[in-house]
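Colleague: Listed here are the chains, written in short residue letters.
4 protein chains.
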Amino acid sequence: MEAEHLKTGDLMDVDKNFFSKISDRERAIFEGAITMGALFHQFVGTPVSVESASVLEKSIKEAMELQPCIEEVNVEIDKKILEDTKSEFEYTSLSGEMMNVMIVSKYNHKKAVIRMKFIDELNYPLMFVDDVD
Amino acid sequence: MEAEHLKTGDLMDVDKNFFSKISDRERAIFEGAITMGALFHQFVGTPVSVESASVLEKSIKEAMELQPCIEEVNVEIDKKILEDTKSEFEYTSLSGEMMNVMIVSKYNHKKAVIRMKFIDELNYPLMFVDDVD
Amino acid sequence: MEAEHLKTGDLMDVDKNFFSKISDRERAIFEGAITMGALFHQFVGTPVSVESASVLEKSIKEAMELQPCIEEVNVEIDKKILEDTKSEFEYTSLSGEMMNVMIVSKYNHKKAVIRMKFIDELNYPLMFVDDVD
Amino acid sequence: MEAEHLKTGDLMDVDKNFFSKISDRERAIFEGAITMGALFHQFVGTPVSVESASVLEKSIKEAMELQPCIEEVNVEIDKKILEDTKSEFEYTSLSGEMMNVMIVSKYNHKKAVIRMKFIDELNYPLMFVDDVD
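Chains as they are written, first to last, in the working numbering: chain A, 300 to 432; chain B, 300 to 432; chain C, 300 to 432; chain D, 300 to 432.
Next up, chain A with everything else stripped away, as it sits in the complex (with noise of 0.2 Å):
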């Protein structure tokens, strides 16, 4: 599995070296979606209540716009969700269900809007290509 270019020359020049083979708006959808996925399964699982997702979908926010070309990333946690499937212990794990974000990735002058939305008819939170330049 060892590419050789990774081995030698300049590393410093990483969309030299690893992104050659795709335009910049390509990279905008990369990216996109990796922060995407990554979103999805580093929280899904976390404990929240209606009153404690406010502060969640804040970190959630900060932590994955960290990542690189992630210009903007936004989440809705359904309160209404929370609240028809809390445990008797009055809150619930985030799952995919009730979640709705949206993240838009940039690169150079190419940007891509990641969307995930829970489709009742797929019963599937779907990740999606919402719009791109």
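Please note: incorrect hints may appear among the correct ones.
A pair counts as met if it fits within one copy or between any two copies, since identical chains are not told apart.
[What the hints assert, rightly or not] No more than 25 Å apart at the CA atoms, straight line, and that leaves these computed lysine-lysine pairs for DSS-like:
| hint | residue 1 | residue 2 |
| --- | --- | --- |
| 1 | 410 | 379 |
| 2 | 385 | 357 |
| 3 | 405 | 385 |
| 4 | 385 | 315 |
| 5 | 409 | 360 |
| 6 | 360 | 410 |
| 7 | 357 | 405 |
| 8 | 320 | 378 |
| 9 | 320 | 357 |
| 10 | 315 | 378 |
| 11 | 379 | 320 |
| 12 | 405 | 378 |
| 13 | 360 | 405 |
| 14 | 357 | 410 |
Hints listed in this document are in silico derivations from the structure and should not be mistaken for laboratory results.
On the provided structure of chain A, position chains B, C and D as indicated by the hints.
Modeller: Okay, now just chains B, C and D, sitting in the frame of chain A:
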């Protein structure tokens, strides 16, 4: 693995049905320990920087204080380690080396103070009982 | 939050330095509880299907048996729930509803059996002490 | 954040409703990137030793190959790093430093090879596009 008593009786009486074999003090230790294990494995890997650390500390605290019998959670993320270990992209992944956590759990009148701290000599983020009534 | 005893003395003597306030029985409960909290929050969210469940069960077992004082871990993922909750893409995310876990922890001659099981009446994956010496 | 097209029409037609703005090649890149981000953040923190590494590699592979458009996932956990970084308890937490991952994603006839590898010069587990049709 099915214990018979799970299927019959008054399941609402959690304490009687599931914790009859342990003391109040042991229950406090049990609940604090669960929350410490949960905290570490939920949040390790989260992207974090010096700037985002305080929001992450707050959201970990609020999430883990939701769990049963948890009175207080305090998380300190070491800013010096964050600075020393950051990548070229100016952030790193949350790890055991940089976390100092205290959890206070209480059941009836018994209280336990559980801590996690990286112990260099063990090369390990040790979870331990710092105090208990 | 810095306890003085962390900084001096023989840190290799973990039991003496960090667990002097609890009994052997309490230590067994403590270590089993940490591992149960850890297990849940590490693996919840993992993509899983009827076909992949047995490998996932085995890797959860092997990972969590590495933790201190853990004698045995057994994980059952409910195949019927997997089948009933799968998405259009033929898999789902591992969740508390579908897990039945038993952990045996031991310290000196004291043994604890910790379990996690989803309790419908609580709408909650309850972690509890099933048995202890 | 609600896009109108999510609420009407034939939601079963995922490709038409959610991916109409990107090419087949971009879709392959998108799906591979999601899975790489997901893989890292799901499994980082898992207890692992030289002995348990191969089962963990296999379960990561089987879990992530379930995701849409994923043809193949290969994970190598570096045994030397495991040995060098293990704690007094003879294991460590899975981290980006020790993982070498390749993901092949395919949509229609377009294929992307996504990789993750720790790049010392960046002090970062870089995810990149190694090849694409």
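Colleague: Decide, hint by hint, whether the structure agrees.
Modeller: Status of each hint after checking the structure:
Within a single copy, residue 410 and residue 379 get their C-alpha atoms no closer than 32 Å, and across copies no closer than 34 Å, so neither meets the 25 Å cut-off. Taking the closest pair of Cα atoms, residue 385 and residue 357 come within 25 Å of each other both inside a single copy (21 Å) and across two copies (22 Å). For the identical chains of this complex, residue 405 and residue 385 are inter-copy neighbours only, at 22 Å across copies versus 37 Å inside a copy, given an alpha-carbon limit of 25 Å. Taking the closest pair of Cα atoms, residue 385 and residue 315 come within 25 Å of each other only across two copies (22 Å); inside a single copy the shortest separation is 49 Å, beyond that limit.
Taking the shortest Cα distances, residue 409 and residue 360 sit within 25 Å of each other inside one copy (21 Å), while across copies they are farther apart (32 Å). Proximity of residue 360 and residue 410 under a CA criterion of 25 Å is satisfied intra-copy only: 18 Å inside one chain copy versus 31 Å between copies. Only within a single protomer do residue 357 and residue 405 lie at most 25 Å apart by alpha-carbon distance; the minimum there is 21 Å, versus 29 Å between protomers. In this assembly of identical chains, residue 320 and residue 378 lie within 25 Å of each other by CA distance neither inside one copy nor across copies; the values are 43 Å within and 31 Å between.
Proximity of residue 320 to residue 357 under the C-alpha cut-off of 25 Å is found in neither arrangement, the shortest distances being 35 Å within a copy and 30 Å between copies. In this homomeric assembly, residue 315 and residue 378 never come within 25 Å of each other (Cα to Cα): the closest approach is 44 Å inside a single copy and 30 Å across copies. Proximity of residue 379 to residue 320 under the C-alpha cut-off of 25 Å is found in neither arrangement, the shortest distances being 45 Å within a copy and 32 Å between copies. Proximity of residue 405 to residue 378 under the C-alpha cut-off of 25 Å is found in neither arrangement, the shortest distances being 30 Å within a copy and 29 Å between copies.
Taking identical chains as interchangeable, the C-alpha atoms of residue 360 and residue 405 lie at most 25 Å apart only when both belong to the same chain, with a minimum of 16 Å there against 30 Å between chains. For the homomeric pair residue 357 and residue 410, the shortest alpha-carbon distance inside one copy (23 Å) is at most 25 Å, but the shortest distance between copies (32 Å) is not.
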